[in-house]
Amino acid sequence: MTAPSREELLDDVYRSRVAAMTRLAYLMTGSAAVAEELANEAFLRLHERWDVVDEPAAYVRTVLVNLCLRWRRRAATRPDESRRADELVASPPDIDETWRLIQELPDPLRIVLVLRYYEDLPATDIAAIVGCSPTTVRTRIHRALNRLRKDMR
Amino acid sequence: MSHRPSRHVVEDRVRATLRERSNDVQVDGRAAQAPGTASPRLDPMDAPERVERRRGSRRSVAIAAVGIAAGSAIVVATATTLAPDGDTADRAAVTATSPSTTAVPFDCGTALPIALRVPSATRGPIDGPAPGAPPASEGQLVTHWLRADGPVELRWPASPPLPFGPKTSSASVVDAMTASSPDHMEIDVMRTPAPGEMATWTGADVVVDRVPAPVATPPLQCDVMQLTIVTTDGQWLAGLRVTPPEQGMPVETVDLQPTVVERRAVDTAPDVAVRCEGDGRSARPPNRSRGPEPSVRGDEPVDVLTQYIARTPGTARSGYIEMTEPDGSITYASDSGRGWSVLVFVGRDAAGGWSLQGSNTSGC
Chain A
51 MTAPSREELL DDVYRSRVAA MTRLAYLMTG SAAVAEELAN EAFLRLHERW
101 DVVDEPAAYV RTVLVNLCLR WRRRAATRPD ESRRADELVA SPPDIDETWR
151 LIQELPDPLR IVLVLRYYED LPATDIAAIV GCSPTTVRTR IHRALNRLRK
201 DMR
Chain B
62 MSHRPSRHVV EDRVRATLRE RSNDVQVDGR AAQAPGTASP RLDPMDAPER
112 VERRRGSRRS VAIAAVGIAA GSAIVVATAT TLAPDGDTAD RAAVTATSPS
162 TTAVPFDCGT ALPIALRVPS ATRGPIDGPA PGAPPASEGQ LVTHWLRADG
212 PVELRWPASP PLPFGPKTSS ASVVDAMTAS SPDHMEIDVM RTPAPGEMAT
262 WTGADVVVDR VPAPVATPPL QCDVMQLTIV TTDGQWLAGL RVTPPEQGMP
312 VETVDLQPTV VERRAVDTAP DVAVRCEGDG RSARPPNRSR GPEPSVRGDE
362 PVDVLTQYIA RTPGTARSGY IEMTEPDGSI TYASDSGRGW SVLVFVGRDA
412 AGGWSLQGSN TSGC
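Protein chains in written order, with my numbering: chain A, 51 to 203; chain B, 62 to 425.
A hint or two may mislead.
So the derived label-pair ranges between C-beta atoms look like this [said to hold, decoys possible]: (1) Pro387(B) / Pro172(A): 29 to 35 Å; (2) Pro180(B) / Asp144(A): 34 to 40 Å; (3) Gly189(B) / Pro172(A): 32 to 38 Å; (4) Gly189(B) / Asp201(A): 21 to 27 Å; (5) Pro172(A) / Glu199(B): 35 to 41 Å; (6) Ser55(A) / Gly170(B): 42 to 48 Å; (7) Asp201(A) / Pro353(B): 37 to 43 Å; (8) Pro172(A) / Ser390(B): 28 to 34 Å; (9) Met202(A) / Arg358(B): 26 to 32 Å; (10) Pro196(B) / Asp201(A): 29 to 35 Å; (11) Glu199(B) / Ser55(A): 28 to 34 Å.
Lysine to any residue pairs mimicking SDA-like chemistry, simulated, CA-CA at most 25 Å apart [unchecked claim]: (12) Lys200(A) / Asp396(B); (13) Lys200(A) / Val322(B); (14) Lys200(A) / Arg76(B); (15) Lys200(A) / Gly193(B); (16) Lys200(A) / Arg68(B); (17) Lys200(A) / Asp410(B); (18) Lys200(A) / Pro273(B); (19) Lys200(A) / Arg325(B); (20) Lys200(A) / Arg124(A); (21) Lys200(A) / Pro190(B); (22) Lys200(A) / Glu307(B); (23) Lys200(A) / Gly309(B); (24) Lys200(A) / Gly389(B); (25) Lys200(A) / Val86(B); (26) Lys200(A) / Pro306(B); (27) Lys200(A) / Asp170(A); (28) Lys200(A) / Pro158(A); (29) Lys200(A) / Arg336(B); (30) Lys200(A) / Pro224(B); (31) Lys200(A) / Ala371(B); (32) Lys200(A) / Gln153(A); (33) Lys200(A) / Ala77(B); (34) Lys200(A) / Ile382(B); (35) Lys200(A) / Glu81(B); (36) Lys200(A) / Ser242(B); (37) Lys200(A) / Arg80(B); (38) Lys200(A) / Asp146(A); (39) Lys200(A) / Thr183(B).
Keep in mind the hints are simulated off the structure, nothing from the lab. Idealized CB from N, CA, C, for every residue including glycine.
Throw the hints in and build the complete structure from the sequences for me.
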């Protein structure tokens, strides 16, 4: 049996993670079109760095989070970008309200909230992605939940 | 009278909302192909064309286009921004300037860079180490408070993280830190709940306030304080570093846990890390393996681990278990809670030192 080729390994990672990464990017940007672009961009960077990346799924997720953060910073200064958030089909009122409140959270709080409650990552993994200590992650999650709790009806 | 939902209810609503909204995106990963595998949607040979197409599109994402054009340079820049709070750099600074806890005298002054109060204390502040704690290093300010559940101790500057030492963390503390303003943070020690019960807050146990008139920027080895809270279920240890007001909290935490927290003699060490669990919707990504790297070496096995950590962004930085096999080879393992997620293999080299024999990581 021969070892899988580089292309096969890369393809394995891509097939297994592209949907999850696109959804993750959507939850962070609010735009399906942007999410698809950024997710593909993250995988393209993985392809370029494949030989030196030890943990490809983690690498893609980390690059994606950074791409989303940079897109949001850019969108904040460009109204035409920020308008790209999708018009959504109405959901139950609780879901719509919570989604609106999540989107109003500052980026550092929203990112850790999505990674914790959508990706189900522990604080140590989130810390590695966003580049802070696990305790800082827990603090941000706590602050995010407190804000949501204050504003929820 | 209005009732705010409990934390538990908020968490459930957040989970439900994210799951519901994630369904807005329809992606069929099974039909897609990876970059570099003749994918019609993401062929790297197509990159320049994609750049041009994006430049002409209102939907372009500037960072993406630059990323393709500049290739690895941009990726390196991305990697360096993965730790925006400088956690890694500061930890390195502390260890580099203070190789021994007791050998190097500190000169950080006498005014703490924060104001710290312990409302739940029965006594304090009391100069000197808490009962049972190590003595202060020369020049290190140490003070403590006594509480019913155990003491709180603050050291400035922090003692350097040990390459080997017991893990010090307490689940009753770390989930209850909150910053209500850029100048004020509270750390609440939660009582460990009985099985089936919710954890309860009993009020702020430690209060951190920004000092109104900041002292001059301290030397690098003085920028981290060390806070230890002893609770009924263990001990919590963290570094605290003063942050700029725009960060929204007076201090951020710095990992001071030892690199290696346990040593074991084993017949056979694990050689394959647990596979990534994924998100339940798709297959799991494969593990990654790395072969021998003779240049990653040192006089002691832990030196090799330290170099591996420094060269591997995103990997666990503390909490490793050192496993020694009968032939003397050593495996460092990091437990993610689901199994070994990082395995670093270290062995003797021809020069009488130790070098990296390989690694296996879960890739998630």
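How the hints compare with the structure:
The hint said 29 to 35 Å for the Cβ distance between Pro387(B) and Pro172(A), and at roughly 33 Å that hint holds. Look at Pro180(B) against Asp144(A): about 36 Å separates their beta carbons, and that is inside 34 to 40 Å. In this structure, Gly189(B) and Pro172(A) meet the distance hint of 32 to 38 Å, their C-beta atoms being roughly 36 Å apart. In this structure, Gly189(B) and Asp201(A) break the distance hint of 21 to 27 Å, their C-beta atoms being roughly 45 Å apart.
Separated by about 39 Å at the C-beta atoms, Pro172(A) and Glu199(B) satisfy the suggested range of 35 to 41 Å. At roughly 60 Å, the beta carbons of Ser55(A) and Gly170(B) sit outside the given window of 42 to 48 Å. Taking 37 to 43 Å as the suggested C-beta distance range, the pair Asp201(A) and Pro353(B) does not conform, at roughly 55 Å. Take Pro172(A) and Ser390(B): their Cβ atoms lie about 29 Å apart, and the range 28 to 34 Å holds.
The supplied range of 26 to 32 Å is broken by Met202(A) and Arg358(B), whose beta-carbon atoms lie about 55 Å from each other. A hinted range of 29 to 35 Å is violated for the C-beta pair Pro196(B) and Asp201(A), which are about 49 Å apart. As the Cβ distance of Glu199(B) to Ser55(A) is approximately 59 Å, the hint placing it in 28 to 34 Å is violated. A C-alpha spacing of about 36 Å is found between Lys200(A) and Asp396(B), which places the hinted pair above 25 Å, so the restraint is violated.
A threshold of 25 Å between alpha carbons decides the hint, and for Lys200(A) with Val322(B) the separation of about 40 Å lies outside it, so the pair is violated. Restraint check for Lys200(A) and Arg76(B): satisfied, since their Cα atoms lie roughly 17 Å apart, inside the 25 Å limit. The hinted pair formed by Lys200(A) and Gly193(B) fails the criterion: a straight-line CA distance of about 41 Å is larger than 25 Å. At most 25 Å may separate the alpha-carbon atoms for a hinted pair to count; Lys200(A) and Arg68(B) meet this at roughly 10 Å.
Restraint check for Lys200(A) and Asp410(B): the C-alpha separation of about 59 Å exceeds 25 Å, so the hint is violated. Simply put, Lys200(A) and Pro273(B) have alpha-carbon atoms about 28 Å apart, too far for the 25 Å limit, and the pair is violated. For the suggested pair Lys200(A) and Arg325(B), the alpha carbons sit about 48 Å apart, so the restraint of at most 25 Å is broken. With a CA separation close to 29 Å, the supplied pair Lys200(A) and Arg124(A) exceeds the 25 Å bound.
Between the alpha carbons of Lys200(A) and Pro190(B) the distance comes to roughly 39 Å, so the proposed pair goes past 25 Å and is violated. About 22 Å separates the Cα atoms of Lys200(A) and Glu307(B), which keeps this hinted pair within 25 Å; it holds. The straight-line distance between the Cα atoms of Lys200(A) and Gly309(B) is roughly 18 Å, inside the 25 Å bound, and the hint therefore holds. Only pairs whose Cα atoms come within 25 Å are accepted, and Lys200(A) paired with Gly389(B) is rejected, the gap being roughly 57 Å.
The suggested pairing of Lys200(A) with Val86(B) is violated, with an alpha-carbon distance near 29 Å, which exceeds 25 Å. Using a Cα cut-off of 25 Å, the hinted pair Lys200(A) and Pro306(B) holds, with the two alpha carbons roughly 23 Å apart. Our distance criterion of 25 Å between C-alpha atoms is met by Lys200(A) and Asp170(A), whose separation comes to about 23 Å. The straight-line distance between the Cα atoms of Lys200(A) and Pro158(A) is roughly 18 Å, inside the 25 Å bound, and the hint therefore holds.
A C-alpha spacing of about 39 Å is found between Lys200(A) and Arg336(B), which places the hinted pair above 25 Å, so the restraint is violated. With a C-alpha separation of about 43 Å, the suggested pair Lys200(A) and Pro224(B) falls outside the 25 Å cut-off, and the hint is violated. Of the supplied pair hints, the one linking Lys200(A) and Ala371(B) is violated, its CA atoms being roughly 41 Å apart against a limit of 25 Å. Of the pairs offered as hints, the one joining Lys200(A) and Gln153(A) holds, with about 15 Å between alpha carbons and a cut-off of 25 Å not exceeded.
For the given pair, Lys200(A) sits about 18 Å from Ala77(B) by alpha-carbon distance, which is consistent with the 25 Å threshold. Restraint check for Lys200(A) and Ile382(B): the C-alpha separation of about 42 Å exceeds 25 Å, so the hint is violated. For the hint linking Lys200(A) to Glu81(B), the alpha-carbon distance of about 22 Å falls within 25 Å, and the restraint holds. The hinted pair formed by Lys200(A) and Ser242(B) meets the criterion: a straight-line CA distance of about 15 Å does not exceed 25 Å.
Pair hint Lys200(A) plus Arg80(B) holds up; C-alpha atoms about 22 Å apart against a cutoff of 25 Å. At roughly 16 Å between alpha-carbon atoms, Lys200(A) and Asp146(A) fall within 25 Å of each other, so this suggested pair holds. For the given pair, Lys200(A) sits about 32 Å from Thr183(B) by alpha-carbon distance, which is inconsistent with the 25 Å threshold.
Checked against the numbered hints listed earlier, the structure breaks hints 4, 6, 7, 9, 10, 11, 12, 13, 15, 17, 18, 19, 20, 21, 24, 25, 29, 30, 31, 34 and 39; every other hint is satisfied.
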